[in-house]
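With chain W fixed as given, assemble chain G onto it according to the hints.
Chains as they are written, first to last, in this note's numbering: chain W, 1 to 242; chain G, 1 to 242.
Just so you know, these hints were derived from the structure itself, not from any lab.
Idealized CB from N, CA, C, for every residue including glycine.
Don't take each hint at face value.
Said to hold, decoys possible - Residues of chain G placed beyond 10 Å of chain W at every Cβ, according to the derived structure:
| id | residue |
| --- | --- |
| 1 | R51 |
| 2 | R56 |
| 3 | G65 |
| 4 | Q202 |
Claimed, not checked - When the alpha-carbon atoms are kept at most 16 Å apart in a straight line, the in silico EDC-like pairs for lysine to aspartate or glutamate are as follows:
| id | chain 1 | residue 1 | chain 2 | residue 2 |
| --- | --- | --- | --- | --- |
| 5 | G | K43 | W | D46 |
| 6 | W | K43 | G | E31 |
| 7 | G | K58 | G | E179 |
| 8 | G | K43 | W | D132 |
| 9 | G | K43 | W | E179 |
| 10 | W | K58 | W | D132 |
| 11 | W | K43 | G | E179 |
| 12 | W | K43 | G | D220 |
| 13 | G | K43 | G | D220 |
| 14 | G | K43 | W | D37 |
| 15 | W | K43 | G | D46 |
There are 2 protein chains.
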Amino acid sequence: MKAFGEQYQQRSARDPATENDAPSQRRDPREPVPDFDTPFRAKLYDLLRWRRDVRRFKRDPLPEGLIDRLLGLACLAPSVGLSEPWRFVLVEDPARRAAIRTNFETCNAEALSMQSPDRAALYARLKLQGMDEAPVQIAVYADRETVQGYGLGRITMPETIDYSVVTAVHTFWLAARAEGIGVGWVSIIDPAGVTAALDVPQDWIFIGYLCVGYPQAEDDTPTLQRAGWEHRHGTGDVILRR
Amino acid sequence: MKAFGEQYQQRSARDPATENDAPSQRRDPREPVPDFDTPFRAKLYDLLRWRRDVRRFKRDPLPEGLIDRLLGLACLAPSVGLSEPWRFVLVEDPARRAAIRTNFETCNAEALSMQSPDRAALYARLKLQGMDEAPVQIAVYADRETVQGYGLGRITMPETIDYSVVTAVHTFWLAARAEGIGVGWVSIIDPAGVTAALDVPQDWIFIGYLCVGYPQAEDDTPTLQRAGWEHRHGTGDVILRR
Numbered sequence: 001m002k003a004f005g006e007q008y009q010q011r012s013a014r015d016p017a018t019e020n021d022a023p024s025q026r027r028d029p030r031e032p033v034p035d036f037d038t039p040f041r042a043k044l045y046d047l048l049r050w051r052r053d054v055r056r057f058k059r060d061p062l063p064e065g066l067i068d069r070l071l072g073l074a075c076l077a078p079s080v081g082l083s084e085p086w087r088f089v090l091v092e093d094p095a096r097r098a099a100i101r102t103n104f105e106t107c108n109a110e111a112l113s114m115q116s117p118d119r120a121a122l123y124a125r126l127k128l129q130g131m132d133e134a135p136v137q138i139a140v141y142a143d144r145e146t147v148q149g150y151g152l153g154r155i156t157m158p159e160t161i162d163y164s165v166v167t168a169v170h171t172f173w174l175a176a177r178a179e180g181i182g183v184g185w186v187s188i189i190d191p192a193g194v195t196a197a198l199d200v201p202q203d204w205i206f207i208g209y210l211c212v213g214y215p216q217a218e219d220d221t222p223t224l225q226r227a228g229w230e231h232r233h234g235t236g237d238v239i240l241r242r
Numbered sequence: 001m002k003a004f005g006e007q008y009q010q011r012s013a014r015d016p017a018t019e020n021d022a023p024s025q026r027r028d029p030r031e032p033v034p035d036f037d038t039p040f041r042a043k044l045y046d047l048l049r050w051r052r053d054v055r056r057f058k059r060d061p062l063p064e065g066l067i068d069r070l071l072g073l074a075c076l077a078p079s080v081g082l083s084e085p086w087r088f089v090l091v092e093d094p095a096r097r098a099a100i101r102t103n104f105e106t107c108n109a110e111a112l113s114m115q116s117p118d119r120a121a122l123y124a125r126l127k128l129q130g131m132d133e134a135p136v137q138i139a140v141y142a143d144r145e146t147v148q149g150y151g152l153g154r155i156t157m158p159e160t161i162d163y164s165v166v167t168a169v170h171t172f173w174l175a176a177r178a179e180g181i182g183v184g185w186v187s188i189i190d191p192a193g194v195t196a197a198l199d200v201p202q203d204w205i206f207i208g209y210l211c212v213g214y215p216q217a218e219d220d221t222p223t224l225q226r227a228g229w230e231h232r233h234g235t236g237d238v239i240l241r242r
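The shape of chain W in the complex, shown without the other chains (with noise of 0.2 Å):
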């Protein structure tokens, strides 16, 4: 595989890590170890339960430079070998966003063909997408080609680029939601036809379509629970030992 280190080589030509790593990007020594007590840990706990995958949103308008500063917050996810494979798609044009809200409707017909006869009719009464109401919509993508990070990490497990968004979007998940935020994640879509309607590089991962605003209303139990399709089944049976 001579090809992966003339990859890297090349790059290192260009642009040495090393070189831009300025003592600026080092911790302030004086800096202390932050102290994360009970209360904090008490409300971090709050923040996971109340987290929400959320589909009903207000149609107001997020605050200016907030959602800028929530994918900031998203780039302190982990990334495989340092490699920030995160690509943040701000859908704002409305013909784009018609075309993917069609995507939509498309698979989201053909699984609802596919239910089983007795889950159709409570699979056809649930809200799978929040695109009419959502100020603000995201399209994630994970870049496999990026060489920042000289691919350490990922010769056996390729996929970890893929991985190290999932954490940036749930990094800017949690963040939303301790802003007051709701975020959910729409999966019932085909990849290529948002690819296709945002014009973004052929070869980027598509992760998942973000749906952002205020939620309608604030829960602690997850909406497929209280809907009546699924419910939550604890530790139980995911963990072993070997």
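Okay, now just chain G, sitting in the frame of chain W:
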């Protein structure tokens, strides 16, 4: 795709979600919605900034019951269709740990051989796993075959099952850091070898191998940046508008 409906129909007959969706799992409407105030958010951002991918651990054991509690919090992560597809394998047997360490060594030697000449020496100096010291080690899997969730949301994107597990890992990671516990995600590994060493179902998707324990040091700067391998680039090139 008749098999799709049938698969979930069989489960419906056995285990209707609506029957198990007991009132006790519903929110007590008297519980107030948490107030995530400015001081909490500031500390949450500290948590995001001070989470690290840890490779240098103390050998001290973790408090009794802590890992089970952290895994319980991990299960609050979002999952596609409420499928909760995460499977956590606590690796305790010394022979299995040794097999996985050998697996890493083999993959890492190959990765070293693929480095460009000007990066190989730096790569060789990096510490890329903490398996010799970390008191707790967890192999994390995704069960794409689970019937939980009745397939909702994953027809066009079956990989969202894997993504759900990644959000659980990230939840575990943040909750651990809030307890002063470090997590290191090892991806320089051959998934099939790990699965064979652990005797888990062949069709589970290996997501990552976590080393867990008290870190030797705390920092707000990624280890790879401090080592001069790569640096953070910020949000400049990762946000597009369409």
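Quick rundown of the hints versus the structure:
Remark: the non-interface label on R51 of chain G conflicts with the geometry, its nearest Cβ contact in chain W lying 7 Å away (cut-off 10 Å). Under the 10 Å C-beta cut-off, the non-interface status given to R56 of chain G relative to chain W holds; the minimum distance is some 16 Å. Every Cβ of chain W is farther than 10 Å from the Cβ of G65 of chain G; the closest lies at roughly 12 Å, confirming the non-interface assignment. The Cβ of Q202 of chain G lies farther than 10 Å from every Cβ of chain W, with a closest approach of about 15 Å, so its non-interface assignment holds.
Of the pairs offered as hints, the one joining K43 of chain G and D46 of chain W holds, with about 14 Å between alpha carbons and a cut-off of 16 Å not exceeded. For the hint pairing K43 of chain W with E31 of chain G, the CA-to-CA distance comes to about 14 Å; that is within 16 Å, so the pair holds. For the given pair, K58 of chain G sits about 15 Å from E179 of chain G by alpha-carbon distance, which is consistent with the 16 Å threshold. A threshold of 16 Å between alpha carbons decides the hint, and for K43 of chain G with D132 of chain W the separation of about 34 Å lies outside it, so the pair is violated.
A C-alpha spacing of about 13 Å is found between K43 of chain G and E179 of chain W, which places the hinted pair at or below 16 Å, so the restraint holds. Restraint check for K58 of chain W and D132 of chain W: satisfied, since their Cα atoms lie roughly 10 Å apart, inside the 16 Å limit. The suggested pairing of K43 of chain W with E179 of chain G holds, with an alpha-carbon distance near 13 Å, which does not exceed 16 Å. Distance hint between K43 of chain W and D220 of chain G is unfulfilled; the C-alpha atoms sit about 22 Å from each other, more than 16 Å.
Of the supplied pair hints, the one linking K43 of chain G and D220 of chain G holds, its CA atoms being roughly 13 Å apart against a limit of 16 Å. With a C-alpha separation of about 10 Å, the suggested pair K43 of chain G and D37 of chain W falls inside the 16 Å cut-off, and the hint holds. The suggested pairing of K43 of chain W with D46 of chain G holds, with an alpha-carbon distance near 14 Å, which does not exceed 16 Å.
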